[in-house]
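Chemist: Below, each chain spelled out in residue letters.
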Amino acid sequence: MRCPNCGTLMNRHAEKPIKDPHVPEGEVIASIHYCPRCGKVEAELEPLLNSEINFRE
Amino acid sequence: MNEARLLSIPVILGTTRKGRMSAHAAQFVFGQLQKREGVTTELIDIAELKLPVDDAGEAVKDPRFSAAMERADAIVIVSPEYNHSFPGLLKHVLDSCLKEYIHKAAGIVGVSAGVFGGARAIEHFQPVLRELGLVSIFWDVNFGTVEKVFDGNGQLLDHVYVRRTDKFLNELIWMAKVLRYGRENISLE
Ligand SMILES: Cc1cc2nc3c(=O)[nH]c(=O)nc-3n(C[C@H](O)[C@H](O)[C@H](O)COP(=O)(O)O)c2cc1C
Ligand SMILES: [Zn+2]
Numbered sequence: 000m001r002c003p004n005c006g007t008l009m010n011r012h013a014e015k016p017i018k019d020p021h022v023p024e025g026e027v028i029a030s031i032h033y034c035p036r037c038g039k040v041e042a043e044l045e046p047l048l049n050s051e052i053n054f055r056e
Numbered sequence: 000m001n002e003a004r005l006l007s008i009p010v011i012l013g014t015t016r017k018g019r020m021s022a023h024a025a026q027f028v029f030g031q032l033q034k035r036e037g038v039t040t041e042l043i044d045i046a047e048l049k050l051p052v053d054d055a056g057e058a059v060k061d062p063r064f065s066a067a068m069e070r071a072d073a074i075v076i077v078s079p080e081y082n083h084s085f086p087g088l089l090k091h092v093l094d095s096c097l098k099e100y101i102h103k104a105a106g107i108v109g110v111s112a113g114v115f116g117g118a119r120a121i122e123h124f125q126p127v128l129r130e131l132g133l134v135s136i137f138w139d140v141n142f143g144t145v146e147k148v149f150d151g152n153g154q155l156l157d158h159v160y161v162r163r164t165d166k167f168l169n170e171l172i173w174m175a176k177v178l179r180y181g182r183e184n185i186s187l188e
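Those sequence lines, one after another, are chains A and B.
Residue numbering for the first sequence follows numbering that gives the first Met the number 0, starting at 0 and increasing by one per position.
Residue numbering for the second sequence follows numbering that gives the first Met the number 0, starting at 0 and increasing by one per position.
Bound-form chain B, shown alone:
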């Protein structure tokens, strides 16, 4: 692997809802990533992208989002669970790129009011990630009953999430390194 370049792992905050608790989860994971040596990260808020909704796919591509996905070696998607799946606007944003994602790692952080921590939304993501060319990892972070996990200011109340997020990031970083090695060195026959 080209060691000179840091691994780039942006965190995507996947909802535009006012008062979204997912923002606390995204800030927390972003903070944990910032502590990792050899990793550079940024927080991408889909609300700030303001993609047009009168078209779809590459036609609504945002140059900054596209550049961040091209730079990325892995992405963290922070997704709330809405009616047992992920938000439609998050899919709209992801659909705006394709070549940028190929052979890169993806990990999902689920956030929900219910106890399952977005598990159903995470499952729904799997076929989507596959078609986008992303490689899904087998660790997730599940922020269930999220209003008990963070206080109103986004302070973490339940510290088990530090260790869980560490495990998730360990696997994501491993996959990101392996896939970068592959993209750099292993040619398709």
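With the rest of the complex left out, here is chain A:
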């Protein structure tokens, strides 16, 4: 992913499950990208697969 601020190639450094129900996609994993030049953070949402869920309440 390119930084929307400065066009630098961003580094994908984390995958984080997100449970906030305001995220329209429901339960998701966010890939977190960081711009080494300007510090911009971007999250790319992907659906969380059943095989990636430890347990459901």
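Watch out, some of these pointers could steer you wrong.
[Stated by the list, open to error] Simulated crosslink set (PhoX-like; lysine-lysine; CA at most 25 Å straight-line):
#: 1; chain 1: A; residue 1: Lys39; chain 2: A; residue 2: Lys15
#: 2; chain 1: A; residue 1: Lys18; chain 2: B; residue 2: Lys90
#: 3; chain 1: B; residue 1: Lys60; chain 2: B; residue 2: Lys90
#: 4; chain 1: B; residue 1: Lys17; chain 2: B; residue 2: Lys147
#: 5; chain 1: B; residue 1: Lys34; chain 2: B; residue 2: Lys176
#: 6; chain 1: B; residue 1: Lys60; chain 2: A; residue 2: Lys18
#: 7; chain 1: B; residue 1: Lys49; chain 2: B; residue 2: Lys60
#: 8; chain 1: B; residue 1: Lys176; chain 2: A; residue 2: Lys39
#: 9; chain 1: A; residue 1: Lys15; chain 2: B; residue 2: Lys176
#: 10; chain 1: A; residue 1: Lys18; chain 2: A; residue 2: Lys39
#: 11; chain 1: B; residue 1: Lys49; chain 2: B; residue 2: Lys90
#: 12; chain 1: A; residue 1: Lys39; chain 2: B; residue 2: Lys60
#: 13; chain 1: B; residue 1: Lys90; chain 2: A; residue 2: Lys15
#: 14; chain 1: B; residue 1: Lys17; chain 2: B; residue 2: Lys90
#: 15; chain 1: B; residue 1: Lys60; chain 2: A; residue 2: Lys15
#: 16; chain 1: B; residue 1: Lys147; chain 2: B; residue 2: Lys166
#: 17; chain 1: B; residue 1: Lys60; chain 2: B; residue 2: Lys17
#: 18; chain 1: B; residue 1: Lys166; chain 2: B; residue 2: Lys176
#: 19; chain 1: B; residue 1: Lys34; chain 2: B; residue 2: Lys166
#: 20; chain 1: B; residue 1: Lys17; chain 2: B; residue 2: Lys49
These aren't lab readings, by the way, just hints derived from the structure by calculation.
Starting from the structure of chain A, add chain B with the ligands where the hints point.
Modeler: Frame of chain A; chain B with the ligands shown alone:
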């Protein structure tokens, strides 16, 4: 690490109580951070954010707070101890962001009327920081019996806190640099 950009380490004043002593602790730590070369800081007062309380999470995000968290390489949370934990409104504010925090350092400054300097509130923070994606450091600053540490004008009366805060900031800055290096250079497999 990208040396051209200063390390950004905001200080969050974590209570809205009128007459809060935590404001003195936050001002003190903020002042110590301002003396550090290569660091830029700002004081964020959660009382000034006035987040709505009729919703929660990303829905109440404040654009200025979100931008400050995105810029941050580390955060200092100044938290009083209320009934053996941290204030609910502080958690409400922290809950309004998520992606902004990932792989960034967090240090907690505890403030209490009791002798333990917010130690119990600091312990309660640990699972919360972890879920927010923040990396907790092993130094805290504990302002116990805080009414004896600062006078009414916020002047520090007990100078041991200068050295303690230095140790805390040394570790926080180290962690902030390491994590920035990681965010910039180390990709997830
Ligand atoms: C609702 C509430 C609960 C409190 N509970 C505790 C406590 O559990 N332990 C303690 O040492 N002090 C407690 N205090 C006193 C605070 O630690 C004290 O006010 C201190 O100055 C830090 O908080 P402040 O920034 O609001 O002044 C409590 C204060 C409030 C308002
Ligand atoms: Zn950029």
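Chemist: Each hint needs a verdict: does it hold in this structure or not?
Modeler: Results of checking the hints against the structure:
no.: 1; hint: A:Lys39 <-> A:Lys15; result: holds (17 Å)
no.: 2; hint: A:Lys18 <-> B:Lys90; result: holds (16 Å)
no.: 3; hint: B:Lys60 <-> B:Lys90; result: holds (13 Å)
no.: 4; hint: B:Lys17 <-> B:Lys147; result: holds (19 Å)
no.: 5; hint: B:Lys34 <-> B:Lys176; result: holds (17 Å)
no.: 6; hint: B:Lys60 <-> A:Lys18; result: holds (16 Å)
no.: 7; hint: B:Lys49 <-> B:Lys60; result: holds (11 Å)
no.: 8; hint: B:Lys176 <-> A:Lys39; result: holds (16 Å)
no.: 9; hint: A:Lys15 <-> B:Lys176; result: holds (21 Å)
no.: 10; hint: A:Lys18 <-> A:Lys39; result: holds (23 Å)
no.: 11; hint: B:Lys49 <-> B:Lys90; result: holds (13 Å)
no.: 12; hint: A:Lys39 <-> B:Lys60; result: holds (17 Å)
no.: 13; hint: B:Lys90 <-> A:Lys15; result: holds (19 Å)
no.: 14; hint: B:Lys17 <-> B:Lys90; result: holds (18 Å)
no.: 15; hint: B:Lys60 <-> A:Lys15; result: holds (19 Å)
no.: 16; hint: B:Lys147 <-> B:Lys166; result: holds (22 Å)
no.: 17; hint: B:Lys60 <-> B:Lys17; result: holds (24 Å)
no.: 18; hint: B:Lys166 <-> B:Lys176; result: holds (16 Å)
no.: 19; hint: B:Lys34 <-> B:Lys166; result: holds (14 Å)
no.: 20; hint: B:Lys17 <-> B:Lys49; result: holds (14 Å)
Checked against the numbered hints above, the structure violates none of them.
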